[in-house]
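Participant: Protein chains in written order, with our numbering: chain A, 1 to 162; chain B, 163 to 926.
Don't take each hint at face value.
Unchecked claim - Straight-line Cα separation of at most 27 Å, BS3-like style, residue types lysine-lysine; simulated pairs:
hint, chain 1, residue 1, chain 2, residue 2
1, B, Lys168, A, Lys90
2, B, Lys915, B, Lys583
3, B, Lys915, A, Lys127
4, A, Lys90, B, Lys653
What the hints assert, rightly or not - Simulated DEER-style distance windows between Cβ atoms:
hint, chain 1, residue 1, chain 2, residue 2, range
5, A, Ile8, B, Glu912, 51 to 61 Å
6, B, Leu719, A, Gln158, 33 to 43 Å
7, A, Gln158, B, Thr650, 45 to 55 Å
8, A, Arg128, B, Arg184, 28 to 38 Å
9, B, Arg548, A, Gln158, 49 to 59 Å
To be verified - Just a few of them, taken from the derived set where beta-carbon distance is under 10 Å, the chain A residues facing chain B:
hint, residue
10, Lys2
11, Ala4
12, Thr6
13, Leu34
14, Gly36
15, Lys56
16, Thr72
17, Thr75
18, Leu79
19, Gly101
20, Ile108
21, Ala129
22, Val134
23, Cys137
24, Lys142
To be clear, the hints were calculated from the coordinates, so they are not data collected in a lab.
Using N, Cα and C, we set each Cβ at its ideal position, and we do this for glycine too.
The primary structure of each chain is shown beneath.
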Amino acid sequence: MKHAITLIVNGKVEYLEIQPKETLLQVLREHLHLMGTKESCGMGECGACSVLLNGKVIKSCLTLALEVNEQTITTIEGLSQGDQLHPLQKAFVEKGAVQCGFCSPGMILTAKSLLDENPHPSEAEVKRALMGNVCRCTGYTKIIEAVLSAATEMTANQVMDY
Amino acid sequence: MNVIGKRAPLIDSRVKVTGEARYTSDMVMPGMLFGKILRSHKHHARIIHVDASRAERLPGVMAVITAQDFKPIKYGFGEHRPDMYPLAIDRVRFMGDEVAAVAAVDLDTAAEAIDLIEVEYEELPVVLDAEEAMQEGSAQLHDDVPHNIAYDLFVEKGNVDAAFADADVIVEGRYYAQRAHQSYLEPAGCVARWEGDKLTVWAGSMYNSGLRLMLARVLNMPLSKVRFVQPYTGGSFGSKVTLQSIYPVAAQLAKISGRPVKVVNNREEEYFATRPRVAVVLYVKTAAKRDGTLLAREVRMINDGGAYCEMAPAMLLVMSHRSDNLYRIPNIRTDAKLVYTNKSAIGAYRGYGNPQCSFAYESQLDIIAEKIGIDPAQLRLKNASREGDTSVHGWEFKSCGLVESIEKVVERSQWKDKQGKRNGKRGVGIACTIHEGDDRHATGFAGSNAFVEIEEDGRIIVRSGEGDYGQGSHTAFAQIAAEVLGVTIDKVDVRFPDTDSTPYALGPWGSRVTIGGGNAVRLAALDARRQLLAAAGDLLGVKQDTLGIEDGTILALEEPTKSVAIGEVSKYALYRKNGSLILGKGTEEPPTSKMDPTKQSNPCSAYSFAAQVAEVEVDTDTGKVEILKLYTGNDVGTPLNPMNAEAQVEGCALQGIGYGLFEEMKFNKEGHLMTPGYLAAGIPNAFDMPPIEVHFANTLDPFGPFGAKGVAELGAPPAAAAIANAIYDAVGIRLNELPITPEKILRALEQQKNEVRNEGGGVK
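Next comes chain B alone, as it looks inside the complex:
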């Protein structure tokens, strides 16, 4: 292969390093106004009265809106529970909840106008703890949701009780994983502009096609009158998938003022009012036989969902059962709840429930390993899912490099020499993960469409509804189209998502875009290739099945003197009598069943796997943990672009390390968010990234384009668990709550000393 599998810079890197790339907040239009949202400063209150008259009178203010400026259409995410309005009608449910908005000639005027809006609140009781929120007598956030249980899922496979009765070892524990924020560099924002009855919204997002659908519904507009365009986007990691209030707010401000309106979050708003990773309490029980065979796992998980559902139910559905498929565990029982509390709603964040669950589950595997006296890596190998397996929930692994990934990190880390020493300083720990690629969540279309067009000058134009927010999907598409059409990657342009000209696609989330978007592009490129060669055959006077393409030139393989450039052929095809455009069309849908863990279902066309070994050094005086090295083995099928695949693992791994050691959205007793900034939130800097090895397993997926699978979400989930297991290996303490801070380590070491004292001595 000429292009696939080669290390290639991302095709849009150059404009990013020169400062030419234009993101949403860089957009300027004639007459553009600046929008700001008035947010509730109460955690939970009834809205008695909103008086915006003083704001309306402020010079420079061109529009002021409240809930009355929207039809009262409740919305949620896709098919999930609708429980939100763009602006709160009669109740606010978290500090930051959107109440009103203004558009003014500059940001300062807009900010001043916000301060002039008077809201009369009647405070309601507040509930901040998810387990408490389920209890009788707690404040109820939504009148139609008793006990604040927004979502409740029960999954059972096999016979868990019989398995527990049969087990030689059972481990039980309570684990806590915290709320943490994606903290992408580009704050969410949009520009909205009307032309007659047609609305255009420019927004750096992760779901261009879907946001258009959702916005049209909320504004009660025909779909064809709403256009969504995605400019360069500065990261997202899951957050910019849902319809946050800024979009309908900007649209309405623009409509009323008659001018384009830009609304962009500031950094505090990002922390107060976007969609972070869900915090969860997990009660976990794992059972095994003496020889290390895993028998069963029982889980009760209580997710702190914040004030509204949005996509949380979708996430919980996945989180409730995904990790069960990583190993051959035949008996499962899981009770997963999503509970309303007076905090901001939660959403998708890279890993999508995996980092939290992996921490709990992989910690317990190590406890089991120690109890039965087996190497933790051996325990994983013994139970690892393998190619050809159908898992406990019906997931089918047509390719699986988990075993190879475990063996690789064991070998590279010199695991056998380092593990089990308990030298009071250094240790190694292992953890694994599984992730979906190209999954079916919806009952309807769950795939991707693409067009590949060949212009008269021979340039290849790819039009896909999937977007790029830094993860490199445009480059992957360019590589795929280039490989199929026999050109170099610099001959391919990939258009940005624009619902006026790029076809519908499910969106670049869930690690699906490589397979879903990639296959659609591949099929469209193949279609374009067929049309191209048919026209070339006519032009050269040879049979089209004797034609090949090499470096942009079409060659008659049996008559080497006959050749022609791609551009000549597309020009010929277009301008000859009865000519037509060379336009290939491709559609991809995973040939799978809808994800439903209560039954057997195989939701994805492929699954990716990874294993990590963390080597750590614990400073028992300060409690600080230094990661000496992180070894990662990743099964992504064929890495389409090894350099970018590495970059994805590296970036994701640091997010996982940050989650394990530094990051947390902390609330005080009253419920105020105390960490609305990069430093306070614990976002890692250059010093926090350890040396890392990134290895790819030698697998080839039969469904993925050129054998490729998703890679984006493999780096984070094992990290916290591997670190926690490594800490235990080093100093013999178990941390069950994330993040693992120096304070927690010191406390645990102190407790360990006391326990040893009480037991009459003998250090482990």
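Isolated chain A (complex conformation):
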């Protein structure tokens, strides 16, 4: 039994027909072919599936697509503007916070959710925000450096969210 839903994904209105049991993760990847959002555990323990729902980070593998009908979703693909990387993406690259990259989209979106709410986080606040995002490659050290560095740049540039 298919349901018609509407999602605003990365600024674009998407009309979809989905099954009630489909998660937002499945819809993003399989219907909208937005592969940047990853499945790593499928049970909400690793954060690789993190996306922004109305600007706040959620785990898309634990969210039914029906639940977010008519809501605004931001995936990693929606972060850069053309060739211009978001300060978080830039900082992750420059600070060496990316190794295998599988956790990076989720990690970056979680960080964005933090910085949009708390532009001057302490290191402990960054760690708390990232607690739900597992990284196995980096040991988190350079990820935290990147987030703090992006925070500084974002405050300096007064980057406005859309």
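Position chain B relative to chain A; hints supplied.
Facilitator: For chain B alone, coordinates are given in the frame of chain A:
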């Protein structure tokens, strides 16, 4: 140097942060089906009958396979014991063992089909403990392997008994290190597709060339008809090296259905049925003289190998003797056994036996240090291997920064002020490690091939069979090629491994890719440079030995007005009459002898070393251990990319800390795995990483490219040992079993209180 030794972001970081990088599970093809494997829910059983008829009839199911769909070719890993089939024929030996598989139009249909396959089992006795499995009367897993002893190695050097007789202090102990899972973020998977009689498999792996060889053998196909391609890969840490069932299963499902098939593990399958770190019981005895000279070590190790061997014998070979070479210990006796039990098989995991052995050996060094009243750091320094040494097993250290690394962490941690206080709260502990780089395990070719091509627009193309799964080998290769060819790193493209176009290489494991892959690329780049300058000489009308390259421009050093861009030269070289492509070729093989600890052998062209000091605070009420700081000194020769070398140490160190304090694959009495998820398995999060210092010794290796050695596996092995030693320094308790949980600490503190009470008082 312009590029080498500079901090550089990894060249593929950008596509990873934008979400553009495509991993195996992101691949979509026309007509692609989804495969799922039926796994045994019994620990040990005979397969009486498999009935897949109901699954075959389910709409949307396009193929169903069982063992009958494969030739009964037993396989193992390389030259090691073959004891596996892609799908179990008549016996399952662990919960998760592969029995059948389906391919369907979507995952839900595939999952439903799996449930419709009926398997009749006859249960067999189960054995879960390795020491028990060796006993008479225990269930035997493989009919041709008595006492379940799959591998047995005895190593003896010098005269251990005489050394024990001569010793002033002898320490004996039993240690246990647990089974733990790599828990990389990207689950293992592959996509298989046939075109006529040619099979292509896309798989995020750590051994592109080798998997192709192994799959061709298992499918009984000519090698030239099998193509392996490695897309972006989300971590591995050793696991994605072996031929796991998903590859031949996907291939057969694709063949029978006539459509591409994707098979990807879910997180539970990762824990139930991939290749984690081996658990081991170690009985260790170390002997020393009163002045701190280490005389001998005797070890009996029993490795819990799970149900199949795969690469475990290779790992045990290394694990059985590697740490002996870290110090100047002249007498060694080791009995190493790999034992079958009804659990999943084990495999390579970063450190490859080091974290387990280091924990035991380095703990004993501290016990010796205390008994003779010497500073534990001094004990290490006194016995440390040094440059120019040939070790007890014949390992030759042409570069060695162990002493410098120990001195660095001692200095940075303020060791002398902090150690030995036993203040009941804080303490420091030290541990060291040695690791191979560019090693010879095989009797045949043990190296790397590379091509470096210069395109008409001046771009440098590196083609190597070694792969990148996040550790940054592609960036290292780009740096090396850029340095040799006088260009900036952004002018270099490194192709992904594809057996159709990248040459054979041994694979990016064992910390060998920097030296092995790097030297092959360096030689190929040098070859390309020679061809480039020869053509440039023709073009400019000057002698080629008077030419230099700077920032992509070739300059006649004696006639500065004559210069030309690299792209112009490669275009000229290609399109002139009798022209040809500028294509450099490089091959590297370690000039070493095959690893054989029963004899003297020097298997590697270089060895890396590290020392760590952990400063901890123990909460004696809760048993929790906080690592205040981890100081690391690492001998990696020249770090090609200091930022990435740091990143490697940091990431590896947290894996070591996780192994020491949090991580374990726990089984209940019946043998069920109770921890098949990130949280249950104890995988560290951002809060678990302590402040860390990463230092690099000032060594230059004569063989490594630009003096570089491997770095990837140095961070983990010392961590658990340094933490255990620091805990003893703080509160005077010795933990001999990993992981060191709060429960174990509280129990040990309780026992310590009782012992003090019984002895009539007097706190240490």
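Participant: Each hint needs a verdict: does it hold in this structure or not?
Facilitator: Verification of the supplied hints:
no. : hint                            : in the structure
1   : B/Lys168 / A/Lys90              : holds (18 Å)
2   : B/Lys915 / B/Lys583             : holds (19 Å)
3   : B/Lys915 / A/Lys127             : violated (37 Å)
4   : A/Lys90 / B/Lys653              : holds (20 Å)
5   : A/Ile8 / B/Glu912: 51 to 61 Å   : holds (59 Å)
6   : B/Leu719 / A/Gln158: 33 to 43 Å : violated (51 Å)
7   : A/Gln158 / B/Thr650: 45 to 55 Å : violated (33 Å)
8   : A/Arg128 / B/Arg184: 28 to 38 Å : holds (32 Å)
9   : B/Arg548 / A/Gln158: 49 to 59 Å : holds (56 Å)
10  : Lys2                            : violated (14 Å)
11  : Ala4                            : violated (20 Å)
12  : Thr6                            : violated (22 Å)
13  : Leu34                           : holds (7 Å)
14  : Gly36                           : holds (2 Å)
15  : Lys56                           : violated (19 Å)
16  : Thr72                           : violated (18 Å)
17  : Thr75                           : holds (7 Å)
18  : Leu79                           : holds (8 Å)
19  : Gly101                          : holds (3 Å)
20  : Ile108                          : holds (6 Å)
21  : Ala129                          : holds (9 Å)
22  : Val134                          : holds (6 Å)
23  : Cys137                          : holds (5 Å)
24  : Lys142                          : holds (6 Å)
The earlier numbered hints that this structure contradicts are 3, 6, 7, 10, 11, 12, 15 and 16.
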